[in-house]
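Read top to bottom, the protein sequences are chains A and B. Everything in the first sequence is counted per our numbering, starting at 1 for the first residue and increasing by one. Everything in the second sequence is counted per our numbering, starting at 1 for the first residue and increasing by one.
Derived from the structure by calculation, the hints contain no laboratory data. One thing to keep in mind: the hints can contain errors.
[Unchecked claim] Okay, the calculated beta carbon distance ranges per label pair:
# : chain 1 : residue 1 : chain 2 : residue 2 : range
1 : A       : E183      : B       : G111      : 54 to 62 Å
2 : B       : Q17       : A       : N235      : 51 to 59 Å
3 : B       : Y141      : A       : S186      : 54 to 62 Å
4 : A       : V59       : B       : A80       : 41 to 49 Å
5 : B       : I79       : A       : P111      : 31 to 39 Å
We treat Cβ as the ideally placed atom computed from N, Cα and C, and that holds for glycine.
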Amino acid sequence: MDIKIDNKICKVEYGEYLLQVARRNNIYIPTLCHSDALPGQASCRICIVEVIENDSSKVVTSCVYPITKEIEVITNSEKINNMRRTLLMLLSMRVPNHEALSRLMVKYSVPAINRFGIDMNEKCILCGLCVKACEEVGQYAISTVNRGITKKVSTPYQEPSVSCIGCGACASVCPTGAIDIFEKESKRFIWNKTFELMQCTRCEEYFITKEQLDYMNERLGYETEVLLCEKCKKNVVSESFKNIVQNL
Amino acid sequence: MMHKYPKEQRYTLAILQDIQRKYGYISKESMEKLSVYLDIPISRIYSMATFYKALSLQPKGQNIIKVCDGTACHIRSSIAIIEEIEKLLHIKPGETTMDGLFSIETVNCLGSCAIAPVMVINETYYGKVTPILLREILKGYGGTIDEDR
Ligand code: SF4
Ligand code: FES
Ligand code: FES
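Make a model of the complete structure from these sequences and hints.
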């Protein structure tokens, strides 16, 4: 099936998401809350585009819009750009100091507004990706709490969560770097909880929490004897590969 | 009390409402029990309990005063009523008096705009409330009122 995006003919499979198709064809659509690993969040709405079908047009969220017909898509009409401007303005009032957002604001020439006593340190756009990531890991340590202007992501009672294993999946998926995670020597701090880190058997770098390791072992069903960090894992693989090639 | 409900996630809110009604708030302990009973993460329950205005994490007073601050009541100076209560009972909306007798909340339109400004204590409606009337009403509930004010 063919569809037309900004006058470019693109091949699509039935049911593919519009954003996916656009990206494959190098057509730019801005996104904030889309993650390839955790698709379907659809809360920031920056990825809106116009879909034209039987002479009428509608605005859709491209990251979750499945293609089922031969449609025509416009990603940057005046209408869409104006709507994006409004969205960016609203988002910027919550997250005034954010790189990707500021870049988009410049691109769409949205003036920075400073009303309503904005919290200059706020980074979270409340997209909920972190909550989803934590659910996916199966720990359910965080959730959105409160509502309206006091809504935020937190552990229950803001206390260190019993179920958090300190894996940092939430922080790594966050599009705005809003989750405080930092490491110092053999410790990792996240969500008001301190974790002891374990060392890589090869390079001795601290890289994984004890709880994370237990979690992995439980999933795998056996205990790993050597503990390798990502870097060393790669090196080991490439070394053994080199050996094989040399011995050929 | 949760045992009268089947162990299904969709009853979470209903059970939380029951807990709220019975104890006047949702304690950490009851959240933990509910989490075990329905087998849902505590973070989910906490999220719900903090989302709905009808649920509270802090113990509520014996008498709950709801002052309407909807459009009609606002125009008919509900703010003056709220301020008067603040002065008389020394609490702000969302708070409870030290003796545990009263809590105040503000709500948006109680559907009785004709008798604005409106206030509800527990289940009783009071219309056309004035600061003077307010003192009388609160006394009726055994409120110790700062008379010098
Ligand atoms: S902390 Fe990050 S991932 Fe989580 S809701 Fe906020 S912006 Fe999204
Ligand atoms: S990227 Fe589609 S809604 Fe955020
Ligand atoms: S605005 Fe108060 S009852 Fe309608």
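Hints, verified against the model:
A beta carbon spacing of about 56 Å between E183 of chain A and G111 of chain B agrees with the range 54 to 62 Å that was offered as a hint. For the pair Q17 of chain B and N235 of chain A, the beta carbons lie near 57 Å from each other, so the given range of 51 to 59 Å is met. Distance hint for Y141 of chain B and S186 of chain A: a CB-CB separation of about 59 Å, consistent with the stated range 54 to 62 Å. Restraint check, V59 of chain A to A80 of chain B: a C-beta distance of roughly 45 Å satisfies the suggested window 41 to 49 Å.
Distance hint check for I79 of chain B and P111 of chain A: the Cβ-Cβ separation is about 34 Å, which falls inside the suggested range of 31 to 39 Å.
Of the numbered hints listed earlier, not one is contradicted by the structure.
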